[in-house]
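Line order of the protein sequences matches chains S and H.
Taking numbering that gives the first Met the number 0, the leading residue of the first sequence gets 0, the next gets one more, and so forth.
Taking numbering that gives the first Met the number 0, the leading residue of the second sequence gets 0, the next gets one more, and so forth.
Derived from the structure by calculation, the hints contain no laboratory data.
Watch out, some of these pointers could steer you wrong.
[Stated by the list, open to error] Below, simulated DSSO-like cross-link-like pairs (lysine-lysine); rule was C-alpha separation at most 27 Å, straight line:
#1 H:Lys84 / S:Lys59
#2 S:Lys4 / H:Lys84
#3 S:Lys218 / S:Lys297
#4 S:Lys4 / H:Lys147
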Amino acid sequence: MRPFKFSSANDARNAVQTIAANTDAKFLAGGTNILDLMKEDVMRPTELVDVSRLNLTQIKSANGGLSLGALAKNTDTANHPLVRQNYPLLSQAILAGASQQIRNMATNGGNLLQRTRCSYFYDVAMPCNKREPGSGCGALEGINRMHAIFGWSEKCVAVYPSDMSIALVALDAVVKVQGANGAERSIPFADFHRLPGDNPEKDTNLIHGELITAIELPKNNFAGKSYYLKVRDRASYAFALVSVAAALEMNGSKIKQARIAIGGVAHKPWRALQAEKMLVGKEATEANFRQAAEAEMKNAKPLEHNKFKVELGNRGIVRALQMAMNGAV
Amino acid sequence: MADEFDEFAEAELTADEAALLENLPELSELGEARRKFLGQATAMGLGTFALNLLSQQEMFAALETPEGAMFAPVMEENAVKVTMKINGAEKVVTLDSRVTLLDALRERLELTGSKKGCDHGQCGACTVIVDGRRVLSCLTLTAQCEGKSVTTIEGLANGDQLHPMQAAFIKHDGFQCGYCTPGQICSAVALMSEAKNGEASYVSANLRTNAKTVKLSDDEIRERMSGNICRCGAYPNIVAAIQEVHSGRETAQTWSFYTPDEIATAENKEDEKDATV
């Protein structure tokens with residue numbers, strides 16, 4: 000690991016100013032991802048500002064919904080009574096990720112800022128446009144079983160790894176951030192992460208120095224019918240091949256509204272808007288679920304080794320909707 | 000012997016390395032012994048790396064080895080001073096900002112129970128309990144531990160009396176090589192309080208209803224212990240050990256040591272076999 004200056008912040012404003020003043024400085028919270036990347040020499044910050052002691056850990060009702068402090072631990076968020084009661088999809092998605100030890104360390108804000116686990120990004124001997132812009136993409140014609148089937152570019156085919164974020168995009172969350180000049184802004188979750196395009200080195204639309212302060216969840220009526228399905232190579236403690244966050248609100252026997260988001264398929268949480276739209280007003284039958292899934296997945300552009308993700312996506316969407324309908328959570 | 004090394008050194012140095020050696024004032028004064036070492040190191044393909052190490056060694060040779068440490072720190076950059084409680088005792092350490100909690104425990108505090116498996120947060124061998132929560136010490140900077148309370152495997156027993164989880168791991172043979180065991184046990188100890196507090200897992204039913212306490216099925220234990228990898232595959236025995244502590248119901252030990260009689264019988268059989276060959 001390369002040397003870095005360490006400081007512990009006790010004030011958000013100071014922390015933001017310190018980071019903004021040094022383009023090679025990074026916030027440090029749980030550290031579960033950035034320290035690993037620093038050990039691998041993938042990330043080389045010259046300065047870390049520990050924000051984990053900032054007073055941004057509350058989980059509380061706000062505007063009829065819920066506000067999650069950016070520095071609340073993943074474990075505490077998943078187990079908070081209001082989250083379990085009103086947003087069980089979020090609890091389930093958080094608990095599907097990592098291990099208990101890592102969830103005990105990881106914060107909500109940090110979870111959003113996880114970097115891809117693409118093996119070419121991690122291996123500094125390999126070309127990677129995300130790690131070193133202009134060096135090429137090793138995965139495009141390499142081993143790309145784990146990679147994207149939606150929204151990739153010639154520059155980058157990596158996928159975004161967070162489970163929590165897949166639930167958050169389905170729940171129309173909003174990310175609150177604080178900037179260097181003290182100004183706050185709100186970023187709709189769907190606009191928080193970005194597709195790789197020509198700049199895969201940028202994972203999100205955050206400006207350097209901006210600090211996530213909270214994640215807000217609007218009120219909804221999905222709590223009784225939601226499910227987070229995660230399909231992976233082993234039963235636990237592995238990243239998703241494909242994951243599906245599904246939520247339904249019924250009007251009698253008809254679907255009033257549906258929320259579907261897919262993980263493990265793109266550079267950002269992939270909201271299945273096409274499938275959602277198709278389900279409105281329909282009966283909650285397997286045939287309708289399948290039709291909606293296929294309408295979404297037919298636009299997938301798989302790579303050489305991940306063609307299986309298309310059918311896995313189809314079946315995953317159907318299964319997650321069925322589980323949601325059964326009130327499985 | 001010495002001549003052999005000298006010849007080796009002359010023969011194996013590349014032109015670049017020889018020039019580098021010439022241009023490094025602190026190295027030119029090192030004398031024969033260092034040149035011999037350099038020759039050996041070069042032979043191992045480590046020439047320039049060794050040069051770098053030698054110059055660092057020279058510069059920091061004056062640093063003293065702290066009490067209880069095996070090695071003197073080669074270099075301390077961005078030093079931070081941290082006060083923590085380790086297994087109930089207050090410890091103050093000054094170290095490079097890069098030092099993880101795992102390295103501080105093992106290399107500075109003589110607590111080598113916590114193990115370095117992968118050093119990347121994938122195996123759980125380094126699991127310790129910080130402020131009541133199990134965490135990975137390999138992905139925790141010591142600098143972040145100011146004022147925190149750390150419990151390691153060394154802090155679980157009460158004198159000679161093993162922690163119930165330690166005793167259960169022995170009774171149920173919850174290990175083979177033992178390398179993952181300190182992490183497994185710290186993880187399992189923390190799991191007991193998580194279950195007591197009603198925390199959920201991905202395989203928990205009825206997420207929406209907050210149970211006061213959780214009764215762990217074997218599936219629940221497997222899911223909640225998935226962050227601790229055991230390469231020997233002692234998983235069924237680990238689950239049995241945890242289940243016994245969690246349920247409070249004693250279960251039979253499924254193995255035992257040979258008695259002296261059994262050993263004698265086995266030896267006799269071996270002798271007979273040898274005699275017939």
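Quick rundown of the hints versus the structure:
1. H:Lys84 / S:Lys59: At roughly 32 Å apart (the allowed maximum being 27 Å), Lys59 (chain S) and Lys84 (chain H) break the hint.
2. S:Lys4 / H:Lys84: holds, 24 Å
3. S:Lys218 / S:Lys297: Violated: Lys218 (chain S) and Lys297 (chain S) sit about 32 Å apart, past 27 Å.
4. S:Lys4 / H:Lys147: Holds: Lys4 (chain S) and Lys147 (chain H) sit about 21 Å apart, inside 27 Å.
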